[in-house]
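Student: Okay, here's what each chain looks like letter by letter:
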Amino acid sequence: MADHNGKDNGNGEAPVLDISGLRLSYYTRAGEIPAVMDFDLTIAKGESVGLVGESGCGKSTVANGIMRYMGKNGGIVGGTIKFQGRDMAEMSEEEVRRVRGKDIAMIYQEPMAALNPSLTIAAQLMEVPMIHEEVSEEEAFQRAYDMLSAVHIPDPKRLMDSYPHQVSGGQQQRVVIAMALLSRPALLLLDEPTTALDVTVEAGIVELIAELSKESGTSLLYISHNLGLMLEVCDRICVMYSGEVVEEGHISSIFSWPKHPYTHGLFGCIPLPHADKNARPLNAIKGQLPLPHQRPKGCYFGPRCEFFQTGRCDSDHIPMEEVFTDDDDAHRVRCLRWNEIDHDEARTVETTRDPIEVGDTVLEVDNMRKYYEVKESTLAAMVSGGSVRQVKANESISFDAGEGETVAIVGESGCGKSTFAKVLMGLETATEGEVRLDGTDLGSIEVKKRTPEQLASLQMVFQNPNDTLNPSHSIGYQIGRVIKRFGIESDPAKIQERVHKLLDTVKLPRDFVNRKPRQLSGGQKQRVGIARAFAGNPKTVIADEPISALDVSVAAAVTELLMDIQREHRTTLLFISHDLSAVRYLADRIVVMYLGQIMERGTTDEVFAPPYHPYTEALLSAVPIADPEVEKRRIVLEGNLPSPLDPPKGCPFSTRCQRKVGSICDDEPPPVQLDGDDHSIACHIPLDELREVEPVITIPDRDLEAPAAPQA
Amino acid sequence: MSQLILRRVGMMILIMLVVALLLFLMNEGDPRLIARSVLGPYAQDQQLDAWIAQHGYDRPIMVRYFDWIGRVLSGDLGDSIIYKRPVNEIFWDRLGNTGILAGVTFVVMVVVALTLGVLAGMKEGSAQDRVISVFSITTTSIPEYASAVLLAWIFVFGLGWLPGTSAMTGGFNVVELILPVMVLTLYGFGYVARMTRASMAEVMTNHYIRTAMLKGLPYRHIIMKHALRNALIAPFTVIMLQINWLLSGVVVTEFAFGYKGFGALLLEAALRRDIFVIEACGLAAVFVAVFTQTIGDLGYTYLNPRIRFK
Ligand SMILES: Nc1ncnc2c1ncn2[C@@H]1O[C@H](COP(=O)(O)OP(=O)(O)OP(=O)(O)O)[C@@H](O)[C@H]1O
Ligand code: SF4
Ligand code: SF4
Ligand SMILES: [Mg+2]
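Protein chains in written order, with numbering that gives the first Met the number 0: chain L, 0 to 711; chain E, 0 to 309.
If you're looking for bench data, these hints aren't it; they were derived computationally from the structure. Mixed in with the good hints there might be a few duds.
Taking lysine to aspartate or glutamate pairs in the DMTMM-like style, the calculated list, with each CA pair at most 20 Å apart, reads [to be verified]:
hint: 1; chain 1: E; residue 1: Lys122; chain 2: L; residue 2: Glu93
hint: 2; chain 1: L; residue 1: Lys71; chain 2: E; residue 2: Glu123
hint: 3; chain 1: E; residue 1: Lys224; chain 2: E; residue 2: Glu123
All chains, full assembly: derive it from the sequences and hints.
Tutor: And the structure:
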C-alpha cells in the first residue's frame, strides 16, 4: 500500500494540499488559545498522509482548519492553506461551501453521531450530488445506490430506506464513507475513522478506504493515535506535538529511524510483539502535554525529554531540520540534538523484572451460563405467543486463574465480556454453573447479599473512569468510603493514612485527596479508579478495557502501574480487552470469546501460534502492528457480528468464518478439541489441519540489540 | 404504530370517563342542590322532593352517572336553567365561535413562535437571538387583560384602526377578530418560542449538523432539512398543550372584548350555577385537553423515528 508515488511533490505535479506556516487559535474567556502553531504540510495527488500525536495536540483542529470550519470561537490566525492552488483562507463563504463535501470531504470518529437520526440514509446520501452537481433525483438515487454497493453493503436498497439507528456501527461508518466519496473528492480528511469500531470491522473499513481512494486518486489525511494503523494505511506520516509537527517523513523512514525523542517515546509506549512485560517493559513518556497557552520556551517537548540540555533546548524556538537517510529525502525533525542522540544506548538502561510466579487457583469458572430474557412487543410475536426470547450472553464459560496470574478475555463488542464481568461482580447472577472465588460460589450471590469481605476480594476497574467516579465528591472521600465500607479501617486518621498510601501506589500526589474528578485528566482518573479497586486488598481484580479510552503514553503508564501493583499484592488480574497487542503483552493466559462462547483458550504463546481457531486467526490479522519488520498475513472478514438475539445455529462464527468447512458449521455446534493440557479450540476443522496453518504474524529475530536493516 | 394509537385512544377514553365522573359528582352529587337551582330559592321542600322523584334523582348516584353518560353520548346535554332552552341550542354555537378564535390564534401563534424560536436558536447568542429572547420573555409576563387594555388603547383609541368590541352584532366580521387574536398570541407565543429556541440551539450543536455543514450544503437547506425536524420534536408536545392553555386564556379575552364564545358562556354559567351548561362546557374542555395530549404524544412518536421503530 505504501507506494511512494507522491514524494514531496517533486514530480512536477502541484500538490493537492499545501499548508504553510498555518496558525489556528481559539478564543475563550481566558484569552487566545494558540492550538496550532506554524504548521506545514503538503499532500500530493493520491498520497496518503498520517497525522499522529497525543490527545489535545491539535490534530482535529488542523482538519477543521483545512475545512475552514473552526466553530464560533476559532479562526485562522496566520499562514496559508492552499487547496488545489487556491488559498482557503481567502475564499468567500460561498466558495468554501462549494469546496466542502465536493472537493474535500471528511469522515469522523462517531458514525452514529455524524448521521442525522430523523432522515433516511437515502436522503442523506442523495442530497450531496443533488446540491453540488444539481443532478436529478433519479440520478442521485442511482449514485447513492452505486456508492453503497461500492462500500460493500449487502442490501443497499433496504439500507437506503433505513434510519441510521437501524443499522450497525460498522455499516453506519460505511454509509459515512459512501457519503464522503459520493462526489469523488480530491482530498479526504479522516479523523479517527475507525476508533469506535471493532477490530475485525476496522480492518474491513481500512481496506475499503484504501481501495476506493486508490481507484479515484483521492488524497488522504489520516488522523489517528494508532501508529500501527498508520503503518498500514499511510505513505507519509507527521508526528504532531503541542500544535506543531515535530517529525515527518515516509513511513519506512520514521518507523525504522525515528529521530525525535517524542516519536521514540511513542514507540516505547505501544506493546509491540517483541515487547515483554518482564524483559522489555513499556516505557511511558513522563509528564503531560502542555496546554497551548502554557508552552515552555524553546522546545515544547523539553520538560518531558530525557535528552534535554539547559541553555540549548530552552532558548530559541526549534526549527525543522532535514534528516538525510539513504531512503528518504523528506524526513525532517524538530530537535536540536537528533544527530547526537543514540537511542539504542539509551535503551540499555531500561529496567527488567522477574516474572511473577503463579500460585494456587483463586478463581474457578465452571460451566457458567448467563441467559437474558428479552420481551418482544411486535404484534407478530404476541400473536404467535413467542414473545419472550433468550439471549445467550454467556454459554458454558469455564476457565480458572491462579494467584498472581493475568488471564485475558478477548473478543469484540457483543461477545459477552461485560456480561461475564457483571456476573462476577454480582450485578447479575449466573443462570447456571458456578463462579468460585477461593472455593465459594459467587455466581449466584447478588452484590447486595455479598459480605464485605467478598466484596472487597473482587474489585473492578472500568473502561471509562468518568462513569464511575462521583463528580460531586472529592477523590479522598471516594477512596476512603470504600475502605470504610469494606471494613479495612474505621478510624478516620487510619483511613486518611491508607488513602495517602494508595495515592502513592498509583503515583498520584497526595494533595489530590481534595480534588474533584473534573480537575483530573483521563489518565489520572483511571489511576483513582485503580486506587479504589485496590483499596480493599482484593484477591482478584477485573479490568474491563481499562486503557482503551486512554492516550498511548497514558495507557502505557497505567498498564505498567497495574502490573506493578499486581506484582506487589499477588493479585489475580482478569483483563478484558479487544486489543490483542495489549493482551499479548500483559496476559499469561487468554480466553477468546465470540458471541458468548469460548472459541479458544490457552496460554498466550499457544493462542498466538498455530493451531489457531479461525476467529483468533482473523483477530490477530486485524490488529495493526506498528512495526514495519513484522510481517502479517491479511485476513479480512466479511460482514458484521450477528445479533446476539439471533445467533447462528451451529458454530457462532459460521457467518463470517474464512475457513468454514461447509454446512456442518451452520448446523452443528463445533466440538471442543484439546491440544495439550489446557489449550482448547472449538472448531469442526481437525487440529492436525489447523496445525498446518501458517503463522499470521512473523516477528524477525531481534536477538541482536542493534537495529536490524530496514526493509527497502 | 397502530398498536400505540389503540392504546392511546383507550387511555383517552378512560381518562374522559374518570374526569366526567368527577365533574358529575361535583355538579350533581347532591340532588337537593340541583332541584334548588332549577326551581329557585323560594321552592318548598315538598316541591324539591317531588322534582327529585319526578326526574329520577332519587336513584343511586352511579346509575344516574351512567344514565347521564348515555344521554350525553346520544347528544342530549340537558336544558339550560337560565335560558330555559336545550343546552344544545346555545352550546355548539358558542363552541364554534371559540373554535374560530382559538383556531386562528393557534395558527398565528404557532407560526410566530416557531419562526422566532428557530431564528433565535439557530444562532445562539447572536444579536438576533437576544432581541427575540427578550421580546418573548417580556410579552409573556404581561397578562391578557393588561395587554387587552394596552392594545385597545393603541389600535382603537389612538389609531382608530380597529373596533373596540368583538360582539359580531352585524354578523361575522374578521376585523373584530384581530384584537383578541393579537392579545392571545402575544401572551402565549413566548413559551413555545423559547422552547423552540432551546431545542434548536441544542440541535445546532449536534455532530450531524457539522456533517451537513461539511457536506457543503447551503445554510438554508441545513436549517430546513436537517435541523428543523429534530428541533421541532420537543416543542411539538408543548404546542399541543398550548391548546389547553388557549381555552383558559380565551375566557378572559372573550370577556374583555364581549366576544360571544364558549368562555363567556362558561363564565356566565358558573356565576349563575347553570348546571348542565357547566357540565357541557367542562366535558368539552376536558375532551380538548385529553385529545390534544394524545395527539401530542402520537405526533412526538411519529416525528422521532428512534422511538417509532423500536
Ligand atoms: N472550541 C474550542 N475552544 C477552545 N479550545 C479548544 C477548542 N477546541 C479545541 N481546543 C483546544 O485546542 C487544542 C487542540 O485540540 P484538538 O481537538 O485539535 O486536539 P486533537 O489532537 O484532535 O485531540 P484528540 O486526539 O483528543 O482528538 C486542545 O488544547 C484543546 O483543548
Ligand atoms: S530539542 Fe532538546 S528538549 Fe527538544 S526534543 Fe530535542 S533534545 Fe529534547
Ligand atoms: S466450526 Fe466451522 S465456522 Fe466455526 S470456526 Fe470452525 S471452520 Fe469456522
Ligand atoms: Mg481530535
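Student: Holds or violated: are the alpha carbons of E/Lys122 and L/Glu93 at most 20 Å from each other?
Tutor: holds (18 Å)
Student: Check whether the Cα positions of E/Lys224 and E/Glu123 lie no farther apart than 20 Å.
Tutor: holds (19 Å)
Student: Take the C-alpha atoms of L/Lys71 and E/Glu123, compute the straight-line distance between them, and say whether it is at most 20 Å.
Tutor: Within the cut-off at roughly 10 Å; holds.
In summary, the structure agrees with every hint in the numbered list given earlier.
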